[in-house]
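K.L.:
Go ahead and model the full structure; you've got the sequences and the hints to work with.
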Amino acid sequence: MTQQSVSHCRISLSDSGRPKPRLDNEQLKRQFFEYMAEALGRDPATVDRAAQALARFEWHTGGASFTAFDKDQAISFKAALLAETNQRTGAPLAKSTVLATLHPVREFFSWLPGLPSFRSKIDRSAAAYLTPSNKDVTRSRSRRERAVPSVEQMALVLDTMPATTPIQRRDRAVVALAIATAARADAIATLRIKHVDLAKNCIIQSSDQVRTKFGKTIISYLVAIVPSAGAIVHGWCRELIRDHGWGPDDPLFPALTNRYGDDGLFQHDGFERRCWATSQSVRIIFARACKSAGLPYYNPHTMRAMQVRWLHSLNPTEEELKALSQNLGHEDVAVTRVHYGRLERDHQAKLLTTICMPRAKNDPTIARDALKALEALSDVFRKQLK
229 MTQQSVSHCR ISLSDSGRPK PRLDNEQLKR QFFEYMAEAL GRDPATVDRA
279 AQALARFEWH TGGASFTAFD KDQAISFKAA LLAETNQRTG APLAKSTVLA
329 TLHPVREFFS WLPGLPSFRS KIDRSAAAYL TPSNKDVTRS RSRRERAVPS
379 VEQMALVLDT MPATTPIQRR DRAVVALAIA TAARADAIAT LRIKHVDLAK
429 NCIIQSSDQV RTKFGKTIIS YLVAIVPSAG AIVHGWCREL IRDHGWGPDD
479 PLFPALTNRY GDDGLFQHDG FERRCWATSQ SVRIIFARAC KSAGLPYYNP
529 HTMRAMQVRW LHSLNPTEEE LKALSQNLGH EDVAVTRVHY GRLERDHQAK
579 LLTTICMPRA KNDPTIARDA LKALEALSDV FRKQLK
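Note that the numbering used here has the sequence shown beginning at 229, numbered continuously upward.
For the record, the hints were derived by calculation from the structure and aren't laboratory data.
These figures come from a predicted structure and were not determined experimentally.
Any given hint might turn out to be false.
Label-pair distances were calculated between CB atoms; the ranges are [stated by the list, open to error]:
(1) S378 with W287: 58 to 66 Å
(2) W287 with V561: 51 to 59 Å
(3) S378 with K349: 53 to 61 Å
(4) V563 with D425: 22 to 30 Å
(5) A356 with G269: 19 to 27 Å
(6) V379 with R565: 14 to 22 Å
Glycine is no exception: its CB is placed at the ideal position from the N, C-alpha and C atoms.
P.N.:
Right, dumping it as structure tokens:
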């Protein structure tokens, strides 16, 4: 960091140790966020992540003016991110987190010199020093093996969920819809009654009201992967209309009303005619349901991988795979294959062992050695999965 930057750091810290907001920095950030939203078409979530990344950068520099940015600041910030640890786990920050932080900061400092009053104040090439190493980029793209539930496990979760009260039936319908459609949690949280077509057994994830990825409109049919799931969703829709007197524009999964009880604590005493503001409630419902069934937490997104694995087990035709791919909202089957068609390691080892079986008849010596190696590999994978 340059002497100029250090000087800024010293004078910008408040008594609490946090950098004081600088008016000039705040004005520039507002301009940049407007540029992201209006000129680049970025969604609010992306703009929010950029705001968090820039706040992290300002914290690192002690609130220094953006005009003090140079290659030394860039290198120092990058090194600090790589050395930082996750507060919850104590492990180094994931490479994907580091890259997700560096990218908007680099984009900001690439944009800033383009403003007329900053062309001579900031070195255009300095932003390039925020580029991560090729090795870190590769590591950030490597996918971690995630646990995916079996159809039988999710059937158990659904059967275990209570359904005595309207709130319990709402929660059960949330899980049932996720199992049957593999819709994203954000979409589930913002569905309305009119988005469910009971006659056609599908949901219409309309982009004008439902929070879908990339703002796409997706029609998802309820897949009978767990036979009871569809009936639960249909029953919940009818209950809202029949017993609560709700109409098409009311939420499918309403938020709860909160009031202070006599004990001074919040109590839920019914539904509000509004959708959830975030997808957090969907995840909480899943966590509670999995725990009640004696299973580890499977998040709503794993329903997508579960559906793809289930279909693969049936040896589907290309047309059948395309049908499920479209149901998930994918334009290309390749997306479904790459992101959700990954084989479990144990199953991968078994398949490789099976491939060698016919060769054992013709060349016992070579095949025997290959089988031993594959069996050893299978044992390693099995131990890792325990």
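K.L.:
Does the structure break any of the earlier hints, and which numbers would those be?
P.N.:
1 and 2
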